[in-house]
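Trainee: Sequence:
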Amino acid sequence: MQIIYWMKQLMADDYGQILVWLIFILLLMGVDVITGLIQAKINRNINSKKIGDGILKKVQILLVLIVIVPLTIVLPNVVSTTVIIGIYLLETYNELVSINENLKHAGIDTNLLGPITKLLGKGDDEK
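Note that this note's numbering gives residue 13 to position 13 of the sequence shown, counting from 1, and the numbers run on in steps of one.
In case anyone wonders, no lab produced these hints; they're calculated from the structure. Check before you lean on any hint, since a few could be wrong.
[What the hints assert, rightly or not] Straight-line distance between alpha carbons at most 25 angstroms, and here's what the computed PhoX-like set of lysine-lysine pairs gives:
| hint | residue 1 | residue 2 |
| --- | --- | --- |
| 1 | Lys104 | Lys118 |
| 2 | Lys57 | Lys104 |
| 3 | Lys58 | Lys41 |
A quick note: this is a predicted structure, and the numbers were derived from the prediction, not measured.
Could you build all of it, start to finish, from the sequences and the hints given here?
Mentor: As structure tokens, then:
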């Protein structure tokens, strides 16, 4: 119950919401790494260089996501909260796509991005 209360207090302002979103992206990154390792083991193509490069890429992305938040305070006219939300949305989608690909390579047929793809597809049909 304390965690729920803490999260509720944290979500009271914009920066708290961004922090919660950052934690969510971090969890997605962890799931992506785990599903990547599982599919590599299933397909018998574990490569330590590829794993190292993937984890390094995740750390670099995470650093960018963390560094961009203080920029909204230092440079409010250049980097707005809207920019952060856009970047975080793209990274969330990127992680979901990567998890979906890992699951497909592991032989698990999933429709993780089906609703999003369907929603985006409806926009093209109506034109």
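Trainee: Confirm or reject each hint.
Mentor: Hint by hint, here is what the structure shows:
1. Lys104 - Lys118: holds, 19 angstroms
2. Lys57 - Lys104: holds, 21 angstroms
3. Lys58 - Lys41: Measuring from Cα to Cα gives roughly 20 angstroms; hence the hint holds.
Violated hints: none; the structure is consistent with every hint.
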